[in-house]
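With these hints in hand, go ahead and build the complete structure from the sequences.
Those protein sequences? They're chains A and B, same order as listed. Note that numbering that gives the first Met the number 0 numbers the first sequence so that position 32 is 31, with each residue one more than the last. Note that numbering that gives the first Met the number 0 numbers the second sequence so that position 18 is 17, with each residue one more than the last.
There is no bait here: all hints are sound.
To give an idea of the chain B side of the interface with chain A (calculated C-beta under 7 Å), a few residues:
| # | residue |
| --- | --- |
| 1 | P104 |
| 2 | Q105 |
| 3 | L106 |
Straight line, CA to CA, 25 Å or less: simulated SDA-like cross-link-like pairs of lysine to any residue:
| # | chain 1 | residue 1 | chain 2 | residue 2 |
| --- | --- | --- | --- | --- |
| 4 | B | K103 | A | S60 |
| 5 | A | K22 | B | L106 |
| 6 | B | K33 | B | Q51 |
| 7 | A | K189 | A | G80 |
| 8 | B | K103 | A | R19 |
| 9 | A | K22 | A | A100 |
| 10 | B | K103 | A | D43 |
| 11 | A | K134 | A | L221 |
| 12 | A | K5 | B | P104 |
| 13 | B | K103 | A | G40 |
| 14 | B | K103 | A | E167 |
| 15 | A | K134 | A | G91 |
| 16 | B | K103 | A | E169 |
| 17 | A | K189 | A | V148 |
| 18 | A | K134 | A | T149 |
| 19 | B | K103 | A | D74 |
| 20 | B | K33 | B | T5 |
| 21 | B | K103 | A | I61 |
| 22 | B | K103 | A | G31 |
| 23 | A | K5 | B | I101 |
| 24 | A | K22 | B | K103 |
| 25 | B | K33 | B | Q52 |
These are computed hints drawn from the structure, not numbers from a lab. For each residue, glycine too, the CB sits at the ideal point set by N, CA and C.
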Amino acid sequence: MSIPVKDVWIVIAALNEATRIGKTVSSLMPYGWNVVVVDDGSSDQTAEAARQAGAVVLRHSINRGQGASLQTAIDFALGHGATYIVTFDADGQHQAVDIPAMLESLVTNRADVVLGSRFLGEAINIPAHRRWLLKAAVLFTRLTTGLQVTDTHNGLRALTAGAARRIEIEEDRMAHASELLHCISNLRMKYIEHPVTVHYHRETLAKGQRSSEAWGVLTRLLISRLFT
Amino acid sequence: MTTFQTIVVPFALAISLTEIVRWLRGGRRIGVLKAIVWLCFACAVFEPDMVQQLAGIANIGRGADLLLYGLTVFVLLTTFYFLNQFELNRRQMTLLVRELAISKPQLPDSNKIDVMYASK
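What follows is the structure, given as structure tokens:
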């Protein structure tokens, strides 16, 4: 089944990614999808690099976090008639080549959400401590949501417009990934996992999510349970 | 009266009175609550036995324990109140930033716009 490329919107949250965002956007452009990048209050030339590479850029005047940025991009995409939305990382860890298969899977399985799984696919150069931390997060997610996922906090996902409208990300920062899984569980959405490849390299490990942030995510989840 | 009482009691009473006057002149109702708190503080400093008697009525025993329990409840309530307010402010700020961002999209170079807006 072929999906019209104009119906697909790739949404990317970026913070100080001037050196990499151009390459990431360029890797998506040949497919003809719509690409929207949210510059989350960067102090470098992220917005200009993304725009020159061919993306529509939305700028957060102050930093609000990855979750807030993705919701901004999703709102924009839905407002412009998106039928399918794909969340994608700015740092080049994900492969554009994985997206067509994920979209195909979304349509053929009549799913609401397709979650990329690096543990069904490949996690190249993943540090051992990161692997164990993610495994622990998977166990935690299974216990708290009941979803039998093999990966969590993977930024590569595909959603139908209907699912994107129902999910409202309220966690501004990294806890949004867990929140999204909770939404899928609470809203009883049909989800499937799809094997994807995630490349870890020195720069992304230096800048990306630190293992110590797991405590922050856990704290946010507890706070959101108490005050929402 | 001790030196401490001589300094603190008039000070607390003055603040309490100021809050009442502000409220009477059309200030916020929270001023009444502030006035009551300062008045209770002034009474407790002026007549410590009063706290002891209250503790006896509440079956707590010592006046110091009553103050400690009261303070614990107060700190917990204010902590939850401020956390709640912080969450509310955070969400409102994110909505505002999001609204501004969506209202001013930066479009790609003209030769790429066709694809981006064809679906509108």
